Every structure is written in structure tokens, then in C-alpha cells.
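Engineer: Take a look at the letters that make up each chain.
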Amino acid sequence: MISDRQLIESYRSGRQEALEHLINRYRDSLFRFCYHLSLEKQEAEDLFQEVWVRVLRKLEKYDPERPFKAWLFQVTLNIHKDRYRKWKKLRERLTLAWTDESSRFKETRDAAPLTEDFLMKKEEVLNLEQCLRTLPKRYLAPLILFYYEEFSYESIGEVLDVPLGTVKSRLNQGKKLLKAAMGERGNE
Amino acid sequence: MNEPMENEQLLKEYFNAPVAAPPHLTAGTLRKLGESQPIGLLICATALNIIVALTFAFILLAGPLLLLWKIGILLVFALFQAIAVALLVYNLTANSLETSAN
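Same order as they appear, the protein sequences are chains A and B.
For the first sequence, full-length UniProt numbering assigns the number 1 to the initial residue and increments by one for each residue that follows.
For the second sequence, full-length UniProt numbering assigns the number 1 to the initial residue and increments by one for each residue that follows.
Here chain A stands alone, though its shape is the one from the complex (with noise of 0.2 Å):
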């Protein structure tokens, strides 16, 4: 199997195909990130897209010594950091009057048989994404990537750039946030 780096190297020699394959080989779990982050299909679809741009031009500057995907996810939580400020600005700005309502109406519609399993099942993810939106943003990636179970604590402290002791604190405290608001939506 080709490795990353030798992917990266062969796309910076011009094989284009290259990138097609590394895009490819990250296709699943980066837009599952992506859609973790912004608990929106569109959303993350765009994200995904931003992400590579900003890999590309930032290409020369990666450290093949690094795991490129720890790189790549931080990449992606800095663009969905940057967005997300654009996004609160403007909505600051134009003071709209946001409602998750039509979203969730659209969510709900779905193709898959209604059983009430499935009915409650996806009741509690509805409930879990609204959960997750509450959660203040410094706690939602550590707990995505805790959750992945595939990141150490190092490399969650890699991908968002803060010590260890700072990457096992904000877990604890977004455990508790987020199951504190699990409790009091599960007491509504």
C-alpha cells in the first residue's frame, strides 16, 4: 500500500492522480469529522472541500515527518474555527432570528421504514445534536476525536495544539457539560 507520504511526494512531482488517491484515502473519516463539527451535511461538504484547498497551498509547508492525518485534522479545525467566527459575527450583525426548526423538520424526513425503534433512535441523536450544539466549541473537538477512538491523548493534543494536561481537562469538562445537558433535556 502507498503511504501518504509517498502520495504527496508523487502529487508534488505532478501526478495528479495522486491527489485524487490521497482525497480518496481520507474521503470517509475526514468528512465524518467535518459533519461531527458542523452538524450539517451541507456544511461539512463544504468544509471538506475548503479543507483541501487550504491543504494545497499550505502542501509545501506540511512536515513529512508528521502524521498527515493529525495535520489534516488540524488543518480542518482551523478552517471550521474560522468559519464559525464569520458565521457568529454575521449573525450578530444581522441579529437573525435563528430557529432549528426547519432543519430538524427536514432531517426527520427520511426514506428508511418508521419503526419505533428507529422513530427513537433518531429522537436521540436529534436530541444528542442539540446537545453537541450547546456545547462551547473549545470542548466539541476534543470529545469528536476522544470519541473516534482511533486518537491518543497525544495526538488529540496534536491536531489542536495544546498540551496534554490541557487536552485531558477539557474532556472532563466537556463529559460534564455535555451529559449534564443530556440529563436536563432527558428531564424536559
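Derived by calculation from the structure, the hints in this document are not laboratory data.
Nothing here was measured: the structure is a model prediction, and the numbers come from that model.
The beta-carbon is built from N, C-alpha and C at its ideal position, and this holds for glycine as well.
Hints may contain errors.
Claimed, not checked - Below, a list of computed lysine-lysine pairs in the BS3-like style, where the Cα atoms sit at most 25 Å apart:
| # | chain 1 | residue 1 | chain 2 | residue 2 |
| --- | --- | --- | --- | --- |
| 1 | A | Lys69 | A | Lys41 |
| 2 | B | Lys32 | A | Lys121 |
| 3 | A | Lys61 | A | Lys81 |
| 4 | A | Lys137 | B | Lys12 |
To be verified - Computed beta-carbon distance windows for the label pairs:
| # | chain 1 | residue 1 | chain 2 | residue 2 | range |
| --- | --- | --- | --- | --- | --- |
| 5 | A | Arg54 | B | Leu74 | 35 to 45 Å |
| 6 | B | Gly40 | A | Trp87 | 17 to 27 Å |
| 7 | A | Ile2 | B | Cys44 | 34 to 44 Å |
| 8 | A | Val162 | B | Val85 | 48 to 58 Å |
| 9 | B | Ala62 | A | Arg54 | 39 to 49 Å |
Please arrange chain B on chain A, whose structure you already have, making use of the hints.
Structural biologist: Same frame as chain A, now just chain B:
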């Protein structure tokens, strides 16, 4: 008592459930990458080229050569410029056609 465990399980399931990426995602990304030409770089190169051409023309016209020679040299220079622009435009359109075909 079981609720925290259930929550933990739900979180694990939620974050590890596959999220289906749209089938057009890779093609769309490659198209976007093809569209994002370095326009800033192109503008800088054009501006630099204009400055160089004007300086060259000024030095040449102020020099001690015959007018006919000056016009001849300027025409040859303009011809090279035209060929360079034609090649650049051809290259850019070929790239964008290729990405839209994919």
C-alpha cells in the same frame, strides 16, 4: 444508575457510526481545486510584465539606434509577449475544461 453508561454508549455509537459521504464529493473537490487558480499570482505576473515591457520600450526608444531598428526590436518583443499570453490562456482553459469534463 445506568443512565451515565447509556449516555456513554450513545456517544460512542454516535461518533463511530459511519457518516455517508456524498458520492460526488471527490469529484466536486477536484473541480473546486481546479477552479481555484492562483489569480493573485497571475495579476502580479501581469503587472510585473507590463512594468518590464514599458521600461524596456523606454530604454530602447531613448537609445542611439535607428528608429527603424527600434520599431523592429519592439515588434519582435511584442510578438514574444503575444505568444506567451496565448500559451498561458491556452493552458488555463485546457485545465478548466479538463476539470469540468471530470
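Engineer: Now, for every hint given, state plainly whether the structure supports it.
Structural biologist: Going down the list of hints, with the structure as the test:
1. About 21 Å separates the Cα atoms of lysine 69(A) and lysine 41(A), which keeps this hinted pair within 25 Å; it holds.
2. At roughly 36 Å between alpha-carbon atoms, lysine 32(B) and lysine 121(A) are farther apart than 25 Å, so this suggested pair is violated.
3. A C-alpha spacing of about 20 Å is found between lysine 61(A) and lysine 81(A), which places the hinted pair at or below 25 Å, so the restraint holds.
4. Only pairs whose Cα atoms come within 25 Å are accepted, and lysine 137(A) paired with lysine 12(B) is accepted, the gap being roughly 19 Å.
5. For arginine 54(A) and leucine 74(B), the Cβ-Cβ distance of about 44 Å falls inside the hinted range of 35 to 45 Å, so the restraint holds.
6. Between glycine 40(B) and tryptophan 87(A), the C-beta spacing of about 25 Å keeps the proposed range 17 to 27 Å intact.
7. At about 36 Å, the beta-carbon gap between isoleucine 2(A) and cysteine 44(B) stays in the expected band of 34 to 44 Å.
8. Between valine 162(A) and valine 85(B) the CB atoms are about 50 Å apart, so this pair conforms to the stated range of 48 to 58 Å.
9. For the pair alanine 62(B) and arginine 54(A), the supplied restraint of 39 to 49 Å holds, since their beta-carbon distance comes to about 48 Å.
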